[in-house]
Amino acid sequence: MTNQPLILQLHDEQQTIALGARLAALFTPPLIVYLTGELGAGKTTFSRGLIQGLGHKGNVKSPTYTLVEPYELSGVDVYHFDLYRLSSAEELEYMGIRDYFNDHSLCIVEWPEKGEGCLPPADIQLHIKYANTEREVVISACSESGRMLLEKLQNDA
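Letter by letter, the sequence shown follows residues 0 to 156 in numbering that gives the first Met the number 0.
For the record, the hints were derived by calculation from the structure and aren't laboratory data.
Just so you know, these numbers come straight off a predicted model, no measurement behind them.
Hints should not be assumed to be uniformly reliable.
[As the list claims (entries may be wrong)] Derived SDA-like pairs (lysine to any residue); straight-line CA-CA distance at most 20 Å:
1) Lys56 to Pro69
2) Lys60 to Tyr83
3) Lys151 to Asn2
4) Lys113 to Val67
5) Lys128 to Pro4
6) Lys113 to Glu68
Work the whole structure out from these sequences, hints included.
Put into structure tokens, the structure is as follows:
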């Protein structure tokens, strides 16, 4: 079992979406995914690939103003959080944040550092950063289920 992060180069938006779809094919709920990186690095693009990879046919928009966008898909409740505009982590308590994290959910959290102290720990974290005109993604396992998922992802490559 590996504790080493997986580092991938993504050449374009389509590869970022494809990575999300690959992860969708490998996971079983519950799962908490943290997405970190600079503004515009591709966190929402990755989320789109993941959510559409689970069978969502419509648009996947960034929940920047609503904080959470729910998707009810076959066998899994997907909650896509974007905490960029969160003024205080305590706001999450007021919205009943703990109710979203259950045995049937996939919770994707962009900007998790803004909710520190109110969010459960991640199973897997993706840090996306600019690498010239491309992106570099560092995928780290943060729990046993995250390590199993990362192993599947590495074996699938």
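Pairwise hint evaluation, Pro69 against Lys56, where the allowed Cα distance is 20 Å at most: Holds. Lys56 to Pro69 sits at ~14 Å (cutoff 20 Å).
Just to be careful, I want the Cα atoms of Lys113 and Val67 compared with a cutoff of 20 Å; is the pair within it? Holds, because 14 Å separates the two Cα atoms, which is no more than 20 Å.
Hinted pair Lys128 and Pro4, Cα distance within 20 Å: holds, 15 Å
Please verify whether Lys113 and Glu68 have alpha carbons no more than 20 Å apart. holds, 17 Å
Is Lys60 close enough to Tyr83, meaning Cα to Cα at most 20 Å? Roughly 14 Å between the alpha carbons, so the hint for Lys60 and Tyr83 holds.
Given pair status - Asn2, Lys151, alpha carbons within 20 Å: Satisfied, since the Cα-Cα distance of roughly 13 Å is no more than 20 Å.
In summary, this structure violates none of the numbered hints.
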